[in-house]
Amino acid sequence: MRNPFRSEEEAFRFVWLTILYSALIVAGSFINVWVGLAVFLVETAFIVWWIFRRGRREQPIPQVPPPHPEGERRILVVANETVGGEPLLQEIRRRSEGVDEHVFVVVPALNSPIRHWTSDEDGAREAAQKRLEDSLASLRASGVDARGEIGDSDPLQAIEDGIRTYAPDELIISTHPPERSHWLERGVVAGARERFALPVTHVVVDLGMPSVGSEPPGLQK
Amino acid sequence: MGARAVSAAAGAQGHGHGDATLHPPPIHYSSRIAPVIVGIFLFIGSEIMLFGSFFTVYFFDRVVNNVHPWPPIDPATGHPFERPWFVALVNTCILVTSSFTMHWATVSVKRNNRAGFQAGMVLTILLGLTFLLTQVIEYHRLGFNTSDTAFAATFFGLTGLHGCHVFIGLLILTVMAVRAFRGHFSPEHHHGIEVGGIYWHFVDVMWIVVYVTVYIL
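Chains as they are written, first to last, in my numbering: chain R, 1 to 221; chain F, 1001 to 1217.
I should point out that these hints are in silico values taken from the structure, not numbers from a laboratory. Beta carbons: idealized from backbone N, C-alpha and C, even for Gly. Just so you know, not all the hints are guaranteed correct.
Covered stretches of chain F, going by a simulated chain R footprint (3 or more residues, C-beta under 8 angstroms) [to be verified]: (1) 1053-1065; (2) 1173-1185.
Pulled a few chain F residues facing chain R out of the computed Cβ check, cut under 7 angstroms [claimed, not checked]: (3) E1194; (4) I1216; (5) L1217.
Cβ pair distances, simulated, as ranges [unchecked claim]: (6) I1137(F) - G187(R): 53 to 61 angstroms; (7) L207(R) - V1057(F): 50 to 58 angstroms; (8) L1089(F) - L41(R): 24 to 32 angstroms.
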């Protein structure tokens, strides 16, 4: 849901919507009290429906083909606690074979909602920075050209930022197994496939088990 | 952009101690919403709760107490309370117009139109002042007071609470206008105008709700 008071312009628009909303109720009430009540209920129900529908609907982000030489492949990797997991590293190495690969790792600075809304992100960013550095060190040790950033605390926002800045050819999202993954519970992978027009691969990393396979790569335009 | 490149070197430098050349690390915040806007959002949230409590009292008196007819009978005159809906309608138009001028001021500062910005601020203040003065004059002509019935108490409570917000809004607008005439704000830096404008539109929205609820329905 978007905050209707996000900017002065949106607040100004909200004034007019309030006038329209109220005027319809008043008009209904002049006919009959129950008509006014019905108008109020219908309008309110419509607004609630519209807010939730708009919140769920995600427009695919236009993906401009990245201007890079033939044979070069840019991979955007988004992961948090699983960023150093062996299945993810294996998947990156596998996809890097035979091409001039460039890996860009985004580690969202996950935070509690209260800390997020009060902009208290220092701790989350420090933890994400540590994970990012460990991950980049592992990838570079494997001969993969990797660099990275700390991303927004919202994984989908972090992916969008990464896509806009890095223009990747494909996206790899690494998560915990379904029974332990908050990202899967929040529909991050499904949301990314719906929202971003580039191939998305989901890698499952079980940090508690040394040998774990990844989910079959799911590609979706 | 939410994702900002943070090199290991920069991270180490930002958290170092004892070096006079070091400075605090840059502030990071979500790409979705700036802290200043979060602040005004939380403030408006608290305001909605405050107004909500007053509306609760009003509807308790009206619905739960099941008072008929509405407005109730004024014990002093034996007739229903007169609500000056027409004057309040004119006042509503004045306040809505002030939202227009406030928006004009904000658009002007974004377009680096200093004259439009200043004129918008002055007009908004004048319209807000007119609204407040009309409200005060109308209070004197109502013919009932806060202690007359529960209806009178909630009427003055809701409209008075809103009047206080208009007064505070006028103080904010005055500070903004003074800064506008001193050459403050620019197309790049005008958060003070954005936030003040949001507050003023919120006051406008609340008045529409108060007017429809208290004066019309």
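Going down the list of hints, with the structure as the test:
1. Counting residues of the stretch 1053-1065 of chain F whose C-beta sits closer than 8 angstroms to any C-beta of chain R gives 0, which falls short of three, so the coverage hint is violated.
2. Given as covered by chain R, the stretch 1173-1185 of chain F fails the check, having 0 residues with a CB less than 8 angstroms from a CB of that chain where 3 are the minimum.
3. With a cut of 7 angstroms, the hint placing E1194(F) at the interface with chain R holds, because the nearest CB-to-CB distance is about 5 angstroms.
4. The beta carbon of I1216(F) comes within 5 angstroms of a beta carbon in chain R, closer than 7 angstroms, and the hint placing it at the interface holds.
5. The closest approach between the C-beta of L1217(F) and any C-beta of chain R is roughly 6 angstroms, which is under the 7 angstroms cut-off, so the hint is satisfied.
6. For the pair I1137(F) and G187(R), the beta carbons lie near 57 angstroms from each other, so the given range of 53 to 61 angstroms is met.
7. Under the hint 50 to 58 angstroms, the C-beta atoms of L207(R) and V1057(F), about 55 angstroms apart, fit the expected range.
8. The hinted range of 24 to 32 angstroms is satisfied by L1089(F) and L41(R), whose Cβ atoms lie roughly 25 angstroms apart.
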